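**Q** Given the structure of chain A, go ahead and fit chains B and C onto it with the hints provided.
Residue numbers (this note's numbering), protein chains in the order written: chain A, 665 to 961; chain B, 58 to 410; chain C, 6 to 245.
Hints in this document: simulated from the structure, not taken from any laboratory. There could be a bad hint or two in this list.
Listed below are several chain A residues computed to face chain C (Cβ distance under 10 Å; list not exhaustive) [what the hints assert, rightly or not]: (1) 780; (2) 782; (3) 824; (4) 836; (5) 838; (6) 841; (7) 844; (8) 846; (9) 848; (10) 849; (11) 850.
These stretches of chain C come out as covered by chain A in the derived footprint (C-beta under 8 Å, 3 or more residues) [to be verified]: (12) 67-76; (13) 90-99; (14) 103-117.
Just so it is clear, the structure is predicted and the values come from calculations on it, not from any experiment. Just so it is clear, CB atoms sit at the ideal spot from N, CA and C, and this is done for glycine as well.
Listed below, chain by chain, are the residues.
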Amino acid sequence: MITLEFIINILSLGSLYAMLALGLVIVYGILRLVNFAYGELIMVGGYTMYLVTLYTPLPWLAVAIVAVLAVMLTSLFTELVAFRPVREKSLTAMLITSFAVSTLLQNGALLIISPRARAVTLPQIFQTSVMIAGTSVPWRNILTILTCILTLALLTLLLRRTVLGIALRAAADNFKMTRMLGVPANTVISTAFAISGIMAGIVSIFWIGRSASVTPTIGMPPLLVAFVATVIGGMNSLTGAVVGGFVYAITISLLGVILPPGMVEFREAFMFAFVIIVLLFRPEGLIRSKTSVERVG
Amino acid sequence: MKLAARLKPFNTPLTLVAAVLAIALLTQLLDISLLTRIVTVMFVSLMLVLGLQLYMGNSGILNFAHIGFMGIGAYTAVIFSMTPEAKLLTNSDLYPFLVPLHLPFLPSLLIGGLVAAALASIVSYPLMRLSDAAAVITSFALLVIIHVVLLHWDRVSNGPRTLFGVDNYTTLWVSVAFAVITIFAVYLFKESSIGLRLRASRDDRYAAASIGINMVVMRWLAFMTSAFIAGVGGGLWAHFITSFKPYAFYLSETFVVLAMLVIGGPYSVSGAVVGTLVVTAAREVLRGIENQVNILQLFPEGFFGFTEVVLSIVLILILVYRPTGIMGGRELHWPRRRQARSAETNQPENNIS
Amino acid sequence: MLELNEVHARYEAIIALRGVSINVGQGELVALLGVNGAGKSTTLGCIAGILRPWQGGVTFEGGSIVGKSPEQIARLGISLVPEGRDIFPSLTVEENLRLGAFTRREKTEYRRNLDEVYDLFPVLKERLQQPGGTLSGGEQQQLAIARALMSSPRLLMLDEPSLGLAPALVDQIFELIARLHQRGVTILLVEQNVHRCLEIVDRAYLMNTGLIESKGTAQQLRENTDIEGIYLGMQGQTKK
Chain A
665 MITLEFIINI
675 LSLGSLYAML
685 ALGLVIVYGI
695 LRLVNFAYGE
705 LIMVGGYTMY
715 LVTLYTPLPW
725 LAVAIVAVLA
735 VMLTSLFTEL
745 VAFRPVREKS
755 LTAMLITSFA
765 VSTLLQNGAL
775 LIISPRARAV
785 TLPQIFQTSV
795 MIAGTSVPWR
805 NILTILTCIL
815 TLALLTLLLR
825 RTVLGIALRA
835 AADNFKMTRM
845 LGVPANTVIS
855 TAFAISGIMA
865 GIVSIFWIGR
875 SASVTPTIGM
885 PPLLVAFVAT
895 VIGGMNSLTG
905 AVVGGFVYAI
915 TISLLGVILP
925 PGMVEFREAF
935 MFAFVIIVLL
945 FRPEGLIRSK
955 TSVERVG
Chain B
58 MKLAARLKPF
68 NTPLTLVAAV
78 LAIALLTQLL
88 DISLLTRIVT
98 VMFVSLMLVL
108 GLQLYMGNSG
118 ILNFAHIGFM
128 GIGAYTAVIF
138 SMTPEAKLLT
148 NSDLYPFLVP
158 LHLPFLPSLL
168 IGGLVAAALA
178 SIVSYPLMRL
188 SDAAAVITSF
198 ALLVIIHVVL
208 LHWDRVSNGP
218 RTLFGVDNYT
228 TLWVSVAFAV
238 ITIFAVYLFK
248 ESSIGLRLRA
258 SRDDRYAAAS
268 IGINMVVMRW
278 LAFMTSAFIA
288 GVGGGLWAHF
298 ITSFKPYAFY
308 LSETFVVLAM
318 LVIGGPYSVS
328 GAVVGTLVVT
338 AAREVLRGIE
348 NQVNILQLFP
358 EGFFGFTEVV
368 LSIVLILILV
378 YRPTGIMGGR
388 ELHWPRRRQA
398 RSAETNQPEN
408 NIS
Chain C
6 MLELNEVHAR
16 YEAIIALRGV
26 SINVGQGELV
36 ALLGVNGAGK
46 STTLGCIAGI
56 LRPWQGGVTF
66 EGGSIVGKSP
76 EQIARLGISL
86 VPEGRDIFPS
96 LTVEENLRLG
106 AFTRREKTEY
116 RRNLDEVYDL
126 FPVLKERLQQ
136 PGGTLSGGEQ
146 QQLAIARALM
156 SSPRLLMLDE
166 PSLGLAPALV
176 DQIFELIARL
186 HQRGVTILLV
196 EQNVHRCLEI
206 VDRAYLMNTG
216 LIESKGTAQQ
226 LRENTDIEGI
236 YLGMQGQTKK
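This is chain A alone, in the form it adopts within the complex (with noise of 0.2 Å):
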């Protein structure tokens, strides 16, 4: 039953909420928040991409660009008007905050645009396959696990040579020590949410190219995902993070194929049930890990 598709397949699917997690991460291992508006993030990749096919005589490539800083540009945005006015009053305070900047930028898009799916062009290759070993594994997947190999490898150069990527890890470790060292605190998190809006943009391009079409609540569905994701890998650690990837997309597809017909569609209800269980018994996430070495990227 493990075939070689099947294998690409979660591989795929692991490199894609690999990178999901990640976003959600790096601003909560700084600021302790769970950004519920960063599935909307997913969201406006899908309409920007929409638009600009429909307005621009653009390549793909360069569409894929624009989303990519489109959402970037969105996730600042949200940091600078709706975050950074309440960081300092309380975590209860950004987390209403988050779930309100959520529901405003959902019903943004059903007002603006439309209630209804909207089509989103897809390249060519997203719909070519190619054959290794005797099986037809499709580009889409190949192009997400490159996709994601690039972006830790980059993300890796980011954090652990410049200065600024060592001070986004200290922060993670102690905010206020980082702050007292001169490093300023609006740019650490300025950083971390451009960081977490480039994860999504890519994100959103892969996830789009799965169902070519586009709707304000398309960004749910990822945003549970990439919460799950956090918690299973520890929701301190970028490596947790990319591990959790991988462990959710690996057990959703077993239970996908394990589970009788009956259970099948609880799937979800389990994993969030793991969650809980997870945060009851080992808060700190499954993975083992050194306090020192694993801790962040």
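**A** Leaving out everything else, chains B and C in the frame of chain A:
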């Protein structure tokens, strides 16, 4: 003389109830069916918001699962209140043992509340020991679980399909009655020793622990009570709307109830009441605008979501500029009394504000 | 150089400082002494920008720093090594130091500070690539101070650097502080270890429940028997 003195500590709930009754009377007199509908559902919402206030206001913790318990209460109540024939008509797949169950309206509501509370008590006891951040995440996970279960457990909830044929037992005065009872209940809880102890541990858990307050038990009691109120409120709502789907008990409704509470002010009972009134009025106005624009066909794709956009912007503004809400943690009194702020505020020392 | 004038501060309802006035001159080594809860850390917090005094003034090199953010205060050259060290456990020793130099990243200055730090703390040079969390308590304390030095601080503030360290290490730390003092670094030191402190500092303030109870040169305070009364039982030593 004696009566007035005895009533004095109940000034706030009586004032709030007076306001509620005044609105109800006015609605009854005007006898405009649309208005009656709006006001009826407003009082049901009020019950839900009050239930949330009981937990959030006293413990300071955000509870996303609240509307999930509303859903549980709704589905449970209709299973008992509908006749076997009506049940089979809407859901032919219903579990056989559920079909013959039939009880009058009130007991059905109460059972709905009790089931919600029972689930809350089982699930929440281990959860209450979590840190605040983890507790919020967990409550969100709980909401999702409840939603997925309601969405897929066809043999109980009719799955994603509409459950129809519920009797319209929730009239204006029924919802008023429950609203009034809930106002008293939530206020009494707040002023009770449990409420006091909960707020003490909200403000400083270490100090509270050192004088023997068991925070876990206090939170658990509040959570259970809050879930009970949500369950009964859900049952009431089901018997008003008479047909519904699981999506009614998910994020949109959570947003509305949360907005009502936060805008009104989460740290006082009056905040819950004021918030519900203000937001309901605002929503109706905004919805009216939406409908007008749609009638005039100004937007080719339809003008939807305007209400929610405005509401979310208002919510963000409140969080930025007046995080303690309209009431700012204070309770309403009649007549308005002046008192030293420090004695009066119920807001926590270091939450939200 | 640094002056606090009738500073009042509180944490919500708890009043922590009830009118604290101290000053530190350039090149001085001044100590803030007192038992737990006296308000020593709070005072440092007010200077570092972590806590905002609701009354009173704090001036540094002539300018008021009340209400400035921690980042701004760090850029002015005030460096705080908090109680509990607060090194970054998941960053390597080198990364910790590099971040410490955030406000002084210019190449030659960075190299100079790094060499000085290696000279003062040879053990850190050995452990350069190790994550901070794997260091021992004493090594972490050294890293915390080294990190603070990387920013060429004009005022170095140390909050209980000897806390939780073995006696041999305590000696090392106090020796180090004395050496830094000799090199001309202005230091404000908070400590519970009164005797060791008074051996190396120029002046000291004694705090009690949010107020300065007594002040003077080390000599003056040493002759003051009130200190013994406060610390009797705390240090387990009696003078008489």
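**Q** All hints are to be evaluated individually against the structure, with a verdict given for each.
**A** Status of each hint after checking the structure:
The criterion of a C-beta within 10 Å of any C-beta in chain C is not met by residue 780(A), whose closest approach is roughly 47 Å, and the hint is violated. Evaluation of the residue 782(A) hint against chain C yields a violated restraint, the C-beta minimum of about 43 Å exceeding 10 Å. Evaluation of the residue 824(A) hint against chain C yields a held restraint, the C-beta minimum of about 8 Å falling below 10 Å. Hint status for residue 836(A) relative to chain C: holds, with the closest Cβ pair at about 8 Å, below 10 Å.
Hint status for residue 838(A) relative to chain C: holds, with the closest Cβ pair at about 6 Å, below 10 Å. Proximity of residue 841(A) to chain C holds as hinted, the smallest CB-CB distance being about 4 Å (cut-off 10 Å). Below 10 Å, beta-carbon pairs count as interface contacts, and residue 844(A) has one with chain C at about 5 Å; its hint therefore holds. For residue 846(A), the suggested interface contact is upheld, since its CB lies about 4 Å from the closest CB of chain C, less than 10 Å.
This hint holds: residue 848(A) has a C-beta 5 Å from the nearest C-beta of chain C, less than the 10 Å allowed. With 10 Å as the threshold, the beta carbon of residue 849(A) comes within range of chain C, its nearest partner Cβ sitting at about 7 Å, so the hint holds. The interface hint given for residue 850(A) is met, as the beta carbon of that residue sits about 9 Å from the closest beta carbon of chain C, less than 10 Å. Check result for the stretch 67-76 of chain C against chain A: holds, 3 residues qualifying (beta carbon to beta carbon below 8 Å, three or more required).
As drawn, the stretch 90-99 of chain C meets chain A at 5 residues by the rule of a beta-carbon pair under 8 Å; at three or more, the given contact holds. Counting residues of the stretch 103-117 of chain C whose CB lies closer than 8 Å to any CB of chain A gives 6, so the stated coverage by that chain holds, three being the minimum.
Hints 1, 2, counting from the list given before, are not met by this structure.
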